[in-house]
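Asks: This is what each chain is made of:
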Amino acid sequence: MKRLAILLLALALPGLAAATDYTVQPGTSTLGFSSTFQGETFQGHFGQWNAAISYDPANLAASKFDVTVQLASVETGDSDRDSALPGEAFFDVAKYPQAHFVTTGFRKNGNQVIADGTLTLRGVSKPVSLQVGFAPQGSGATLDVSGAVQRLDFGVGSGEYADTSVIGAEVKITAHLQLAAK
Amino acid sequence: MSLRNNDRQWGAVSKFFHWIIALAIIGNGIFGLMMDLAGSPMRKINWLALHKSIGLTVLALVLLRIVWRAFDRRPPDEPMPRWQALAAHAMHAVLYVVILAIPLSGWWFNSVTGKPLQWFKQFNLPALAEKNDALRHFAHGVHEYLFWFLVLLLLAHVGGALKHHVFDNDNVLRRMLPFGRLRTNPPEGDRR
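Chains as they are written, first to last, in this note's numbering: chain C, 27 to 208; chain F, 1359 to 1550.
If you are wondering where the hints come from, they were derived from the structure by calculation, not from laboratory data.
One or more of the hints may lead you astray.
[Unchecked claim] Beta-carbon label-pair distances, calculated as ranges: (1) C:S99 to F:Y1503: 36 to 42 Å; (2) C:H126 to F:G1397: 31 to 37 Å; (3) F:F1496 to C:P123: 35 to 41 Å.
The beta-carbon is built from N, C-alpha and C at its ideal position, and this holds for glycine as well.
So that you can see chain C by itself, here it is in the shape it has in the complex (with noise of 0.2 Å):
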């Protein structure tokens, strides 16, 4: 009984490690993504998204993030697109109105940091990976986030807009957050 104790408390260790948590500060951190139409690259962001983030260089294991995004918010710079994308056929907003990412752990690859999770968009889950960049500054830090998925993985842009020859299959995905300890 008493190993078994030592044993869990053991395990419990690094989880009581806490990673610092953060709040993100909204007017300077962006969350943005690119793909390509006909060609031409651009750009798009979303105005309304919050992230729950946790995180300690020197202890991944403690570290998390938690974003979800409000759709709707989308802004791309063209009218036309910008009517479209909350529509049925890209992120069905009135059906699915947030995305959610959320790590399932971290790992390294050579000196880069890796965010391994889950996104959920437009009611479908998948695995996504995430590179990251942080930098602390003060009390604080910048945290640089970037990644690519396929938007057809999830349905966006489906029926007669899957023709990935006029909208492209990638989009990438960048973050940019200053974060303020809490």
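Assemble the complex: chain C is given as a structure, and chain F must be docked to it using the hints.
Replies: The following block gives chain F in isolation, referenced to the frame of chain C:
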């Protein structure tokens, strides 16, 4: 039929440019007016992409045609009153300007709407102007009314050619027709 123009008729290259540009610009004009019939947004995107690709092709052909015209001596005018020759030449000059202006105005319209410009999904072309929503409607009007202006010019151009063919019995139309055979003898009643 030789490739180059000769003293009596247009050569194969000039005829090719004339008729392929005529077909493409009239067909693409009608196609352009049909865009709102596409039904679904994606079909409209694809129709517009095709319309733009054909339009860019017309622009390239017109530019090549002007270069060819500069280097290949045109056949002298058929016998006709001086005022008719002057009117025909003025009409041809305006036609050249308009068939250049129509694709260029389409390119400009596309630019102010901020849309990509791709040629048959092969390569992209730059914008001619900054995106400007305030100019969108105006640029569309310029592009569309230039086509209607071309239709008016065509009525005069085709009317003139038919008048020469039917009433003057000369070679004005025949020497531009594909595989057209020239009248060899001077027509009756035209002994100048």
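Asks: In ascending order, which of the hints set out earlier in this document are inconsistent with the structure?
Replies: none
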